[in-house]
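Residue numbers (the working numbering), protein chains in the order written: chain A, 1 to 116; chain B, 1 to 113.
Don't read these hints as lab results, they were simulated from the structure. Glycine included, C-beta positions come from ideal geometry on N, C-alpha and C. A portion of the hints provided could be inaccurate.
[Said to hold, decoys possible] Just a few of them, taken from the derived set where beta-carbon distance is under 7 Å, the chain B residues facing chain A:
id, residue
1, Gly15
2, Val19
3, Gly42
4, Leu46
5, Phe103
6, Lys108
7, Val111
[Said to hold, decoys possible] Below, a list of computed lysine to any residue pairs in the SDA-like style, where the Cα atoms sit at most 20 Å apart:
id, chain 1, residue 1, chain 2, residue 2
8, A, Lys57, B, Lys108
9, B, Lys108, A, Arg26
10, B, Lys56, A, Gln44
11, A, Lys57, B, Arg13
12, B, Lys36, A, Gln44
13, B, Lys100, A, Glu53
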Amino acid sequence: DSGVTQTPKHLITATGQRVTLRCSPRSGDLSVYWYQQSLDQGLQFLIQYYNGEERAKGNILERFSAQQFPDLHSELNLSSLELGDSALYFCASSPRLTSGVPYEQYFGPGTRLTVT
Amino acid sequence: GEDVEQSLFLSVREGDSSVINCTYTDSSSTYLYWYKQEPGAGLQLLTYIFSNMDMKQDQRLTVLLNKKDKHLSLRIADTQTGDSAIYFCAERGDSGGYQKVTFGIGTKLQVIP
């Protein structure tokens, strides 16, 4: 158990709909990352937040957005869903950056999204 | 931008050694990582190497780093069926006071009994 929780575990929805995925980082971790893992694209970095602020953006579509709240939990919002958005969505967290420390990312179990 | 590349698939026989390779582009990388993803689970850190090291050994795992060629490899000795998983290479670059980790696409290791 990494200490990172994600809800829901599974989500089935129709094209055109909007969903919200939730992530609670490990206690004390300030950074939250979102990743999308699909069979054909592998693991794709979407976005990173650090202490409530967006820090880095990867291959995140304009239909997707995220935020990190004052209690450090994060939500990933996916709208106008398409069949191709079906994937596993992972959240990961890591602590404050410290020079000389390996800085492991701790991954949650993922949310499996199926768009029909 | 930073890029990490690795092959998609590797198949080995149980008891043989597995070597998973990775190349990266960020010359300012400070740490390089290998993560393991077992079926139905999230990624877990397997091992890491600091960029000023050439080699790190941890039981059956050997990590080799060629910084000049920006090439990282993971060798698993005496590969077991329980080693079947997806292995992700990742590199960390520190920029603007916070770290950025870039993952490869993942190499699926299949161990044949």
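Results of checking the hints against the structure:
1. Gly15: Violated. Min distance 28 Å.
2. Val19: For B:Val19, the interface hint is violated, since the closest Cβ of chain A sits about 20 Å away, which is over 7 Å.
3. Gly42: holds, 3 Å
4. Leu46: violated, 10 Å
5. Phe103: For B:Phe103, the interface hint holds, since the closest Cβ of chain A sits about 5 Å away, which is under 7 Å.
6. Lys108: violated, 10 Å
7. Val111: This interface hint is violated because 20 Å lies over the 7 Å limit.
8. A:Lys57 x B:Lys108: violated, 26 Å
9. B:Lys108 x A:Arg26: It is violated: about 28 Å lies between the C-alpha atoms, which goes past 20 Å.
10. B:Lys56 x A:Gln44: violated, 27 Å
11. A:Lys57 x B:Arg13: Measuring from Cα to Cα gives roughly 40 Å; hence the hint is violated.
12. B:Lys36 x A:Gln44: holds, 16 Å
13. B:Lys100 x A:Glu53: With Cα atoms ~14 Å apart, B:Lys100 and A:Glu53 stay inside 20 Å; holds.
This entry does not satisfy hints 1, 2, 4, 6, 7, 8, 9, 10, 11, going by the numbered hints stated previously.
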